Amino acid sequence: MDYLPFARPTIDEAMIAAVADTLRGRWIASGPQVQAFESALGDYVGGRPVRSLTSATAAMQVALEMLEVGPGDEVITPAQSFFATANVIERTGATTVFVDVELASRNLDFAQADAAVTPHTKVLLPTHYNAPIDPAALAGFARRHKVRVVEDAALAIGSRAGGKPVGAAGDLVSFSFHPNKNMTTIEGGALVVNDEREARRIEELRFHGITRNADGTRDVPEPGSKFNMSDVSARLGLEQLRRLDEWCRARERLAHRYFECLAGDDLIAPDALPPRDNPGHSWNMFTVLLPLDAARTTRKQFMDAMQKEGIGIGISYEAIHLTRYFRGKGFREGRFPVSERIARETVTLPLFPEMRETDVQRVCESMKRVLRRKAA
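With the numbering used here, letter number 147 in the sequence shown gets 147, and the count goes up by one each step, no holes.
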């Protein structure tokens, strides 16, 4: 039986041909394809300015640089997310202020975020996780506390919130186009900004800090980085963007099939699954909390057993505050119990558009068989 990975990008012959055409044109660094991709993505998010970068991490990093976040500032972010969110904060010299998340959505707990605000709070950096974050809640938080918001929407390209695509509203919104996301540029990301002034600033920060003088020479008022996307990646992104909504609908159908296959299982509790009533969610992943105690197993044993069944399983995600780096800053177990429970029990099941409903059935049957074998 074929191996079923937990994620796989869809790349067809037309996409390969488009990338080949770009390579034949010999303009393969940032150029017309990057401009076309940024324009198309801007149209997708309601006409807002968008600038591409080499990753969502780069997008968040330059967003914080543009907001002049640095030593003495605090940035609030969830303890349950990918490591990049805290990494970009720490690299500015600012203080990462963690808050816990809600169990089902895995989005940050706004009550805890409100309580975490101090006079030093400069930015809220939330992650769209198992559901799109309510844009009104984000806007309300920013208004109450007079802070900027940098949304980590790495998992949310194609999601809709408040009737609009994620990115169409809000402050600064970062996307990821890694191969395990809903569309890919191989590696890549983008940042949605508010106006052309911010867009020009991002252009400077993503390319060495370079500005142009009236006589055509260049200058560097301050050092920047190098995070510009290639035309080759952008051309793939253009082709992928055309299929994004179709692929999100396929993901939703597969997610609903997971719910049907896992319904009524006596080992998998309802709160172990993501929210089923989840309008607008683009279903980048399907996460489950394993009943480790009831099944008398460990996550590693479960994943190894599924691997033997020919099924790849991911972990999304570890608790950031319990990494070695943040333990070195004094964080320990017990600070954020929901994030820690997710970190202990979570697995990510296969979900990508080329899967069939029979693949979902196979995953669920294998999962139940493995769990019951251990529990027996």
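Source of the hints: derived by calculation from the structure; they are not laboratory data.
Because the structure is a prediction, the values reported are computed rather than measured.
Errors might be hidden in some of the hints.
What the hints assert, rightly or not - Taking lysine to aspartate or glutamate and the EDC-like style, the derived pairs with C-alpha atoms no more than 20 Å apart in a straight line are: (1) Lys-146 <-> Glu-198; (2) Lys-368 <-> Glu-260; (3) Lys-368 <-> Asp-271; (4) Lys-300 <-> Glu-260; (5) Lys-329 <-> Glu-90; (6) Lys-146 <-> Glu-204; (7) Lys-368 <-> Glu-318; (8) Lys-226 <-> Glu-203; (9) Lys-226 <-> Glu-204; (10) Lys-146 <-> Asp-73; (11) Lys-368 <-> Glu-345.
Here's how the hints hold up against the structure:
A hinted pair counts as satisfied when its Cα atoms are at most 20 Å apart, and Lys-146 with Glu-198 qualifies at roughly 19 Å. This hinted pair checks out: Lys-368 and Glu-260 have alpha carbons roughly 14 Å apart, not beyond 20 Å. Distance check on the hinted pair: Lys-368 and Asp-271 sit about 17 Å apart at the alpha-carbon level, within 20 Å; holds. Proximity of Lys-300 to Glu-260 is assessed by CA-CA distance (about 26 Å); at most 20 Å being required, the pair is judged violated.
With a CA separation close to 12 Å, the supplied pair Lys-329 and Glu-90 stays within the 20 Å bound. Between Lys-146 and Glu-204, the direct Cα distance comes to roughly 26 Å. Violation of the 20 Å bound is thereby established for this hinted pair. Restraint check for Lys-368 and Glu-318: the C-alpha separation of about 24 Å exceeds 20 Å, so the hint is violated. Proximity of Lys-226 to Glu-203 is assessed by CA-CA distance (about 10 Å); at most 20 Å being required, the pair is judged to hold.
Straight-line distance between C-alpha atoms of Lys-226 and Glu-204 comes to about 9 Å, which keeps the hinted pair within the 20 Å bound. Distance hint between Lys-146 and Asp-73 is fulfilled; the C-alpha atoms sit about 14 Å from each other, no more than 20 Å. Restraint check for Lys-368 and Glu-345: satisfied, since their Cα atoms lie roughly 16 Å apart, inside the 20 Å limit.
Going through the hint list in order, the structure does not satisfy hints 4, 6, 7.
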